[in-house]
Structure formats: structure tokens, C-alpha cells
Amino acid sequence: MRKLFITLGIIAAIIAVILSALPLFNVAIIPAIAALVFGFIAFYLSKKENESKKAVQLIFLLSIISLGLTTYKSIFNKTEVGDTKALELRVQEAEDNAIEELEGLDLSE
Amino acid sequence: MKRIFVLLLLTISATSLAQNNAFQAGEKLSFTASYNMSGLLTDLAEVRMETSEIKTSKSTLLRLKCTATTYSKWDNFFKIRDIYESYVNPKTLTPYLYQRDIDEGGHYKFVKYTFNHKTNTVKSLRRQKSKNFESGFWDRNDVVNINYGTKDLVTTIYHIRNLDIHKAPVGASDSFTVLFDNKERKVSFTLLGKETISTNIGSKECYKLAISINGSDILKGNNDNILWLTADANKIPVYAKFRVAVGNGELKIKSATGLKN
Chain D
6 MRKLFITLGI
16 IAAIIAVILS
26 ALPLFNVAII
36 PAIAALVFGF
46 IAFYLSKKEN
56 ESKKAVQLIF
66 LLSIISLGLT
76 TYKSIFNKTE
86 VGDTKALELR
96 VQEAEDNAIE
106 ELEGLDLSE
Chain Z
420 MKRIFVLLLL
430 TISATSLAQN
440 NAFQAGEKLS
450 FTASYNMSGL
460 LTDLAEVRME
470 TSEIKTSKST
480 LLRLKCTATT
490 YSKWDNFFKI
500 RDIYESYVNP
510 KTLTPYLYQR
520 DIDEGGHYKF
530 VKYTFNHKTN
540 TVKSLRRQKS
550 KNFESGFWDR
560 NDVVNINYGT
570 KDLVTTIYHI
580 RNLDIHKAPV
590 GASDSFTVLF
600 DNKERKVSFT
610 LLGKETISTN
620 IGSKECYKLA
630 ISINGSDILK
640 GNNDNILWLT
650 ADANKIPVYA
660 KFRVAVGNGE
670 LKIKSATGLK
680 N
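Protein chains in written order, with our numbering: chain D, 6 to 114; chain Z, 420 to 680.
Please keep in mind that the hints were generated in silico from the structure rather than gathered at the bench. A couple of the hints might just be wrong.
Unchecked claim - Straight line, CA to CA, 30 Å or less: simulated DSSO-like cross-link-like pairs of lysine-lysine:
1) D:90 <-> Z:531
2) Z:498 <-> Z:586
3) Z:679 <-> Z:660
4) D:83 <-> Z:447
5) Z:528 <-> Z:679
6) Z:542 <-> D:83
7) D:90 <-> Z:605
8) D:90 <-> Z:627
9) Z:639 <-> Z:528
10) D:90 <-> Z:474
11) D:83 <-> Z:673
12) Z:605 <-> Z:542
13) Z:671 <-> D:83
Said to hold, decoys possible - Quick partial rundown of chain D residues pointing at chain Z, CB under 8 Å, derived from the structure:
14) 73
15) 95
16) 97
To be verified - Covered stretches of chain D (in silico footprint by chain Z; criterion: 3 or more residues with CB under 8 Å from a CB of chain Z, positions within the stretch not fixed):
17) 13 to 24
18) 98 to 109
Here the structure is a predicted model, which means the values were calculated and not measured. Glycine included, every Cβ here is placed at the ideal spot set by N, Cα and C.
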């Protein structure tokens, strides 16, 4: 039982760390909270069975890292549009091509 | 005399129906597209809808342009730079030329539709990158037969804004034929009622419209794809919610300038 919760906790914590590093970082909250819950259960079971708590510490550490990273990113990351120079050029090009095409059309309905 | 009068009345009403009352050249709407995963929103891209006037030697047209740009945090993973645009008659919103120029994570596609409303045909050009051709592009030219009134995607979006929704009862539905990927598809809209929602441009009373595409499984669910248009003369699309295979998406208005009314 203890091992099951430790495994679940470590998996959830690793997923949380990976997600928090990706642009999809706010989704990392779900596995991070799950990891904390599993970690607490594993901690309680380890204490009851008098077993080592090293793995539990690892779960807490990873989930705290991911939560920290997510919080940091959600505060300081600005959602802004990247480089649009190429797009603006394409828009202008599209307009030029369109005008050329429209000149050759009979636009009466 | 009576006949002439009736004919005159019909012509006047027909032209007034065809008038564009909802928007003008110079209108700029910008939206944030986000992905919704169990309540956690992740902003994906900025969508802009802009109108401008285009002059050719013979006439003046309205350019309806929609662009989608991913936010910088996504650019290293999946960069999207899409242009969808349509050149239409400023009064009747009849499309003459439609261009779709998309660049999605390195996948490039260019589509051009030239409408001929006399013969009800569309000259289509589809261009994709290909190593098999010397030019580096694979061009496919086709002529597609369309029904009367078939529009392209961009024009349809703007056309909906021009409908007399205030006259429609709740539950009323209307459908439009849209040419997309060289196929005609029927897109239906049902008026679900009025709702006041708070948006970035203030609290707005809106028409709530459900969208469905017949014969296509892009949009999932029943009444899960909803568009909110402001219940005023501008009918600005302020909010849209849609369900696709990979989850839920949202489109929220960020700013609106150059409004007609």
C-alpha cells in the first residue's frame, strides 16, 4: 500500500515538473496537487509502519519545485505575441496579389 | 401603376436588406484564443479580425482579414501564423476573392478561391510545399460548382453579424453554405436566447447562438459550440466556446476599435 502511493506520488510529481516547464504550465497544478496528496498518504503510512521517508521527501521536493515554477511563470510570464514581421510581410504580399487578381475580374454582379 | 409601386417597394426593401449595417472599413477586433482543460485556461494565440477598404482601378472593395498568431511562449513548440481573408462587395458582402495562407508548425498551405457569381463557379488554387516539384510547390487548380449564395468562411462570419437577429424568435435557426477545402458545407446557427455576459469591453447583453456544421465532425457535442454576439447594432462577436476532439476552446474579445455604431 505504501509502495503504491509512493509510486503514484513520484509519477505525478515527475509529470508536474515536466508540465511546469512547458508552455502549458498552469495544467501542472493538477498533478502537483495529486502528488502532494499521494505524498501525504505515503508519509502517514511510512510513519505508521516505521519505514524510510526518503521517497516521500522526493515527492514533496518535486511537487514544490513544480508548484513554485508554475506560480513564478503565471506571475511573471506575459502573454504576448511573438515576432510578427514575417506575418505582416505575408499580409502585404497577399494584398498585392489580391489587388492584381481583382483587377482582372469583372466585379459586376 | 400599382405594379410599379410594388416593384419599387420590393427593390427598396431588397437593397435595404443587403445593406451592411454592422461594421465598416477600419474596424479592428482582437481576441485571445485559449485552451480549457478542466477549468484551467491556457492562452494559445491572438486572433485578429480587421476590415479595410481596398481600391482597384474599377471599384472599391472591403477586405475582411482574420489572422491568428500564437503567443511567444508557444512559438518554439508550435508556431502558428495564419491569414484568412476575403475581398467582398462593401454593400452586399458578396465575396469575390478568398485567400487562406496558413503556416502551422511548419505546415504551409495556400488556398485561393476566385468567385464567379454569374456562372456559380469558383476557381480554386491549392498550393502546398512539395519536394517533388522544381518550384518547391505543388499547385492544384480546380473549378468547383457552387450553389447560389455560397460564401467562404470569413465572409460567413461577417455575414452573420449583418443578420436581423433582433427580429428572430428564440429557437429560430438559419443555415449557410460555406465553401471550405473545396467542399460545400452547411453551417447552422440556432438562436438560444439573450444573455448578459461580462467581457473585456464591458458587460454586454448578447445573443447566444449555437453553431453546428452538418456532415462534419470537427465540432463535437450538441449545443456545446456557442457564439455570443452583442445585442446591439454592431453585433460584435465577444465570446465563443467550442468543443473539438482534443478538448474545449474559448475565444474571448480583448479589444474592439473602429466600430460602426
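- List of violated hint numbers, smallest to largest: Of the numbered hints, 2, 5, 6, 7, 8, 14, 16, 17 do not hold.
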